[in-house]
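Our numbering applies: residue 46 is where the sequence shown begins, and numbers increase by one.
Treat the hints as calculated values from the structure; they're not laboratory data.
Backbone N, C-alpha and C fix where the C-beta goes; we use that ideal spot for every residue, glycine too.
A portion of the hints provided could be inaccurate.
Computed cross-link-like contacts, DSS-like style, restricted to lysine-lysine with a CA-CA straight-line distance of at most 27 Å [claimed, not checked]:
| hint | residue 1 | residue 2 |
| --- | --- | --- |
| 1 | Lys106 | Lys132 |
| 2 | Lys146 | Lys106 |
| 3 | Lys106 | Lys71 |
| 4 | Lys71 | Lys146 |
| 5 | Lys132 | Lys71 |
Restraint ranges, calculated between C-beta atoms of paired labels, are given here [stated by the list, open to error]:
| hint | residue 1 | residue 2 | range |
| --- | --- | --- | --- |
| 6 | Gln67 | Arg142 | 15 to 21 Å |
| 7 | Arg124 | Arg81 | 29 to 35 Å |
| 8 | Gln167 | Ser74 | 32 to 38 Å |
| 9 | Ser168 | Arg104 | 19 to 25 Å |
| 10 | Arg81 | Phe161 | 33 to 39 Å |
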Amino acid sequence: MSYREGTGANRRKLDRVRTRLQVSIKVRSGLLVRGRAQSGVAVDYNRYGMALICPLNLRPKTRLLLDIGSDHMLLRRVRAQVVSSVKAGREYRLGIRFYRKLTDFAEPGPGHPLHFLMGLEQSIAEPVQS
């Protein structure tokens, strides 16, 4: 079964960068983390969210902890929330966002996760051909 959020599920705050980042997924339940980590692959990414291919079928609003790895950077315990889940072959394509409400990004101070998410986005962005 596929789950999609009705209004505005396809709207994005910013264009995403195509990538193949390795992601470790843990489902959060309150203050606890349930079960073992599952692995997935991020197919596109920006500082606000990502599209993720994984074996888990998760409902919208499920809270996650992600470990996102690139060639030179590893972001651990990134808080995220499922926006949509669509079956893609034997796996699921999940729409993930890194915020619960946009005011989370209103005034990011030092050490705010947005700084690290922006850094990863800039480091994996494909150079523009001129």
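Going down the list of hints, with the structure as the test:
1. Lys106 x Lys132: Judged against 27 Å, a Cα distance of about 17 Å means the pair holds.
2. Lys146 x Lys106: Roughly 12 Å separates the two Cα atoms, so the pair holds.
3. Lys106 x Lys71: holds (14 Å)
4. Lys71 x Lys146: Holds. Lys71 to Lys146 sits at ~21 Å (cutoff 27 Å).
5. Lys132 x Lys71: Judged against 27 Å, a Cα distance of about 19 Å means the pair holds.
6. Gln67 x Arg142: 15 to 21 Å: Cβ of Gln67 to Cβ of Arg142: about 19 Å, so the range 15 to 21 Å holds.
7. Arg124 x Arg81: 29 to 35 Å: Since Arg124 and Arg81 have Cβ atoms about 19 Å apart, the given range 29 to 35 Å is violated.
8. Gln167 x Ser74: 32 to 38 Å: holds (33 Å)
9. Ser168 x Arg104: 19 to 25 Å: violated (32 Å)
10. Arg81 x Phe161: 33 to 39 Å: At roughly 25 Å between Cβ atoms, Phe161 and Arg81 fall outside 33 to 39 Å, so the hint is violated.
Checked against the numbered hints given earlier, this structure breaks hints 7, 9 and 10; the rest are met.
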